[in-house]
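Asker: Keeping their order, the protein sequence lines are chains A and B. Note that this note's numbering has the first sequence beginning at 1, numbered continuously upward. Note that this note's numbering has the second sequence beginning at 1, numbered continuously upward.
Watch out, some of these pointers could steer you wrong.
Identical copies go unnamed one by one, so any copy, or any two together, can satisfy a pair.
Said to hold, decoys possible - Here are the computed lysine-lysine pairs in the DSS-like style, where the Cα-Cα straight-line distance is at most 30 Å: (1) K473 with K412; (2) K488 with K478; (3) K172 with K572; (4) K373 with K361.
By construction, these hints were calculated from the structure, which means they are not laboratory data. Fair warning: this is a prediction, and the values are worked out from it, not measured in the lab.
There are 2 protein chains.
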Amino acid sequence: MPKKGEQPPQSEMEPSPEILSDIEIATSVRPESILDVAEKRLGLTPDVLIPYGHHIAKLNIRAFDNPVTELKGKLVLVTAMTPTPAGEGKTTTCIGLSDGLNRLGINASACIREPSLGPCFGMKGGAAGGGRSQAIPMADLNLHFTGDFHAVTAAHNLLASLVDNHLHWGNKVGLDPRRISWRRVVDLNDRALRNLIIGLGGAAHGIPRESGFDITMASEVMAVLCLVTSIDELQQRLGDIIIGVNYDGLPVTVRDLGADGAMTVVLKDAVMPNLIQSLEHNPVWVHGGPFGHIAHGCNSVIATQLALTFSDVVVTEAGFGADLGAEKFIDIKCRQSGLRPHAIVLVCTLRALKMQGGVVKESVALPDSKHLKKGLANLAKHITNIQQFGITPIVAINRHPGDLETELETVKTFVSKHNTHAVIADNWRDGGEGAEALALSVKTAVDGKAPDVEMLYHDDIAVENKIHTLATKLYGAKAVEFSIQAKKQLAEIQRAGFTTLPVCIAKTPYSFSVDPKQLGAPIGHVLTVRELRLLAGAGFIVVICGDVMTMPGLPRRPAAMNFSIDNNGNIKGLF
Amino acid sequence: MPKKGEQPPQSEMEPSPEILSDIEIATSVRPESILDVAEKRLGLTPDVLIPYGHHIAKLNIRAFDNPVTELKGKLVLVTAMTPTPAGEGKTTTCIGLSDGLNRLGINASACIREPSLGPCFGMKGGAAGGGRSQAIPMADLNLHFTGDFHAVTAAHNLLASLVDNHLHWGNKVGLDPRRISWRRVVDLNDRALRNLIIGLGGAAHGIPRESGFDITMASEVMAVLCLVTSIDELQQRLGDIIIGVNYDGLPVTVRDLGADGAMTVVLKDAVMPNLIQSLEHNPVWVHGGPFGHIAHGCNSVIATQLALTFSDVVVTEAGFGADLGAEKFIDIKCRQSGLRPHAIVLVCTLRALKMQGGVVKESVALPDSKHLKKGLANLAKHITNIQQFGITPIVAINRHPGDLETELETVKTFVSKHNTHAVIADNWRDGGEGAEALALSVKTAVDGKAPDVEMLYHDDIAVENKIHTLATKLYGAKAVEFSIQAKKQLAEIQRAGFTTLPVCIAKTPYSFSVDPKQLGAPIGHVLTVRELRLLAGAGFIVVICGDVMTMPGLPRRPAAMNFSIDNNGNIKGLF
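Excised from the complex, chain A in its bound form (with noise of 0.2 Å):
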């Protein structure tokens, strides 16, 4: 249970000087040998492990049947509130409820993504967590990890070098090269490789055409790894992908190029899930990390699986606030692979609710029951948002060292006329032990009979009914508006024949509208649908919408600027 006692005077409005950085405690705790931790844990012996130095290792896929066929644990998601500069403490949250649930006698594991070089340079900050809550080894899990995102991105510009090879060689398939829809990636924010003109110097130089960059995260490639349960359903799903159209406007596909093979080979290892520990050296799987505002968020089904084998509760995560990361996990993820949560936790902070109700980044500190009561309005949003998937969220409220009793009443008590509860999660700064109460929460969940998760729509509705539906039941929109562009685009998948697709929402995270700006819960707005991208290897249609860019740029002052290391290898200002 949370030592309630030993909380901060509620007049300590800002943490207190000695609190220890994340990298400050992750390099504290000394990690057991990954071996270890996956044999004691997970019953899994070396022999099926890779290792990558001490403390990380690959399951290999290939000592297990494929697709895994019987599960046997219970999934959880941890989902959240509308992010804010705040800070709600997914990960935190994901990794402290294993942690509790370990505690508590459960044999349980987190199952997180794998996170991008660009926010890390950017200034997002680590992915690994926070706080007593957090999976080790961090540094290296935010930098080069396994390579799993180096592979992707790989496999991703092969192709595309690919394509441009076959216009420059006679074009035998007769790829329009105005129409080509596949762009190249790059593990990086780079704005100036949104738009581009390649192919320019002259005839030796290619065939000058329009086209961009987009981040590896948005990759089809990520999606598709992140979706399939087998090596060869890889090769078969990265065969469908579709790179542009010919001169007669159908489909040419990665198969029709003979690119498919090649891309399997590249991302043979990558396939493979990565396994390291919390710092209470419990199992935390991480595998696969599409974002979640411009693609589907989830960690790959192949880990989820495995790691559903391996351990009777599995705690997941999915990007951003639930109205993109939840939808998604249900509407792609368990749509696709038969997977389904038994219970769904949804996050929030006191600061963050503040910040929903309108207040500044810098007064989030303060006393202010009234900003905190006008957000409120956005947790409810989500708490009815994820009971009509059929489950009804336990509310975590992931404590700041200052967070005022009265004020967590207030949000105890609001939650409680929501037909659920709310348990204050401490685990950021007791580890396991500070994520006990909620621990119990999920364990009475995960005990009860399996909910009936239901999909916010039928996959045989038109494409444009999909969209409509999400914009007014989850974002509180009245109504979509198309532009040219995209309604072209509408009207190239149907004749295609990928109306059954289900439809992935690009947009900002930080509203339920399209404008980052609209706090709560607003309603009455309008998505604006700018594009439509059809991904016929992962099986969904991004639709994108407002300004959001699938190529992220750095701020005025990256992170990386505060970098730095010494000769022992000492890294300091990552996070």
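Following the hints, position chain B against chain A.
Answerer: Here is chain B on its own, set in the frame of chain A:
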């Protein structure tokens, strides 16, 4: 000794059908645990190694003094005649020689470069040796290996994104966007990326400007990684890199942008040497991989130094023919590091000699003493070139099945007139046993007095004289011609005060001249210098000659089209 009695009959001109492919041989040998190889052959305990799977490890450089102060071993360079499509087998000889030395009871290791994905997907095939002289695990080595090149790519492109981000956010250092020399890189052959316009699409997407991509193996970051001896030196040299000039025409460095720390952090693991094994379980160091024709073509100094700390003889190689590889090895790698070769082996084959004599690839297996004799001019030029550095090379004839005894004798007799001798190497067929004769010759050389190795030019002669020296003394050229652009760049380099740096010639590897069709040992040609690039961090000036490209293209039918993999991870078509 080679089993001469067992050689195929002389009438057998083509490899017999039962000859196994490289990957068949490579996967037929069960590798030992790399920890065992390290302990048994190098005396390295597991605590100083970082495993990447069971057969690859990085040496944790933090466990050793850097830079290394005492080298116990002697260094042998393997170089080659001018390469042809028939192949000459430089890496094969390098690994076979190390195996042969080990068979003689000498504690030897090989030290080679990491392969690039670009040629792997294009046409070159693997870079792990061939036949019975290979480094394993071969597929992993040729694919992502330990991610070093991905890290180089990421560090290089992180800098590029920071450069464009700096322009976007007000350009505080006054960088002239028209004169930014820092391009981007990708570890692929992708001709359409050679010349680009980036930053298109409006004010939110950066400053439009011309730029382009090179292959990662031409990156200055790669060169720096391969020349430093510590993390501190890595950061220092990365900081020295010049990315362009400001509006006053003065150089702007990485340090000016504050990017050196982050780039070093990105390279924290890549700077550590990788250890694998030969088919005979002898140590093979594999680290770094600048191309030999467009970059300095040598594996890392740090790997070479550490190999020399743990082995009595280290056999290394340098890219393409001796005009490029051996020259850069001595004039750049040795000049900067203080390393000196004790012996040099010059590899040739009958087939490649015939091609240098004018035979087409399809006819190389036919008896043809006329073209063989004509082609020997190429070998002679390389021998006398190497003698200019103060070392007389031992010539290794890498025997193919079906090579005629009389033709082999022709080569031996020819070589003996050049103050040295030729040894037949049968290690492609027989492994280390087939290289014992060569190993004996090398043993005699390294047991003898160290040669007085001389650089071909002094630091303090003018840059154009350095180029002129190489052109006339090594290439047989009568003159050097500078383009208008190159003259301007020469003046800029002088103005910036970098005239004492050595030069790194970038030119076709297929001829002494800039014309790949001029075979043998052409004389009287002109070295046309197109462009100069100052690599202030790497500490040399790249001199781009003829129409050589720093970004290769893919052929009409890329090798990637043949790749496949099954659910058990068996790869086909790779080599």
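Asker: Please flag the earlier hints that this structure goes against, numbers listed from lowest up.
Answerer: none
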